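Can you make the complete structure from the sequences, with help from the hints?
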Amino acid sequence: MSDITVKDFDSWVKPSWCPGCGDYGIFAALKHSLAELGVAPHEALVVSGIGCGSKLPDYMHVNGLMTIHGRPLAVATGAKLANHALTVLVVDGDGDAYGIGGNHFIHTARRNPDITHIVENNQIYALTKGQYSPTTPQGRVTTTSPEGVIERAVNPVAVAMAMGATFVARGFAGEPKHLAGLIEEGIRHPGYALIDVLQPCVVFNRVNTYAWYGERVYKLEEAGHDPYDRAAAQRVAAEWDDRIPIGVILREDGAPSYERQVPALNAGPLVERSLTDVADIGALLRRFM
Amino acid sequence: MNEGNAVNDEDLVQAIQNRAGLRSADEARRLFEGVLQALAYVLPAEQCDAICACVPEDAAWCLRCGPATPDPLIDSDVFVGWAMASVDATGAPDETLGGADPLAALAAAEVQARVRVVLEALWERLEPPSRAGIEGCLPGGIAEMMNPGSSATRREHDEGDR
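Protein chains in written order, with this note's numbering: chain S, 18 to 306; chain R, 159 to 320.
Bear in mind the hints are in silico, worked out from the structure with no lab data behind them. One thing to keep in mind: the hints can contain errors.
To be verified - Okay, the calculated bits of chain S under chain R, using three or more residues with CB under 8 angstroms as the criterion:
(1) 41-48
(2) 185-194
To be verified - Some chain S residues judged to face chain R by a derived CB distance under 8 angstroms, without partners named:
(3) Pro36
(4) Gly37
(5) Ala197
(6) Gly231
None of these values were measured; they are calculated from a predicted model. Built from N, CA and C at the ideal position, the CB exists for glycine as well.
Shown next as structure tokens:
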């Protein structure tokens with residue numbers, strides 16, 4: 018039994034999220050998951066982008082890095098390549114992950130680094146006061162779509178599966194205990210794990226509220242879904258509106274993670290090697306200087 | 159409904175509207191239902207039944223919408239989210255469906271005050287034997303809102319225990 022507790026992850030910085038923000042539930046679930054797994058604060062790295070939820074590393078006693086908008090997956094991949102022992106998590110919003118960071122999202126999914134990616138999906142750019150995001154439903158009126166969103170919304174779990182992701186799940190910030198279980202499974206999974214989280218924004222999304230989700234979500238594990246069945250996972254991924262599935266949608270065991278396949282790291286992660294093992298620094302300097 | 163504590167729906171809604179400073183009876187009703195739904199997610203069935211006995215029958219469905227077992231990770235912040243799901247906090251709506259409340263980030267005190275109004279109204283109507291059981295199951299911070307006179311029976315969260 019680990020002696021790591023949730024309180025070990027408490028920071029002296031108090032969250033500045035709006036009262037009732039879905040980020041609080043995600044935050045509680047994440048801390049609970051790390052404590053349950055016995056991951057100490059110095060053994061974990063939380064990388065975020067820009068947005069309300071991306072302020073999370075400030076509020077947590079853990080290695081943390083807030084990157085530029087849309088780039089946390091790239092930075093997290095680099096960290097994992099350098100130190101395989103780190104439990105690397107990315108926490109960002111739907112705008113950061115699926116919009117500005119959309120390119121990194123699809124390529125990280127197919128690359129399969131051992132990273133757990135928690136996306137706070139509130140279907141809006143909230144920090145900048147309510148612009149529509151890639152997951153805002155078509156037709157929704159927002160501050161930047163006064164006549165309704167024209168584009169179709171991104172279905173992130175379907176995209177991740179199409180790109181070859183080996184673990185795809187969806188949680189709900191209003192049920193943090195269930196979400197914590199998903200995050201634990203994602204961390205245990207030795208590859209890229211997407212956990213798309215239905216996150217009510219109490220200010221700029223007055224449609225998809227706690228109550229709205231509460232009436233619609235159902236748990237896949239209670240419905241007998243087999244996450245190893247890719248065809249069934251595709252069907253589940255397409256469900257929305259009246260019934261919204263939460264739980265592990267797809268998983269594939271045995272696929273090697275990216276960092277285990279990089280030839281330059283055959284001798285071990287960079288953090289365990291001396292600079293002279295990695296390269297002849299003198300030769301490099303002579304070549305480029 | 160509890161005979162000794164019979165609640166008139168309109169009276170209750172009006173009391174909540176007045177005490178919470180809400181603009182309409184509809185907002186007061188939505189706030190009341192939101193708080194009941196939040197309670198459904200943190201209280202076991204026995205405690206929900208006790209509250210059902212002292213609220214209008216047409217509001218009892220709110221206490222039946224929660225999970226089979228309460229979620230121990232719902233803290234006071236998440237509770238407020240469930241409670242305030244359909245009520246604006248403060249500030250003027252900007253006429254679009256998306257942006258409703260540009261001052262909400264500064265509205266924590268106001269939101270808590272409104273939730274407190276409903277919790278206190280429920281507390282007054284609860285049978286005394288039920289009170290301690292309910293208070294003991296509530297997240298820290300919410301228990302104190304419901305019964306400002308006592309914080310001794312606050313529920314120990316998973317977070318606090320670990």
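Hints, verified against the model:
{"no.": "1", "hint": "41-48", "result": "holds (count 5)"}
{"no.": "2", "hint": "185-194", "result": "holds (count 5)"}
{"no.": "3", "hint": "Pro36", "result": "4 angstroms, holds"}
{"no.": "4", "hint": "Gly37", "result": "3 angstroms, holds"}
{"no.": "5", "hint": "Ala197", "result": "6 angstroms, holds"}
{"no.": "6", "hint": "Gly231", "result": "6 angstroms, holds"}
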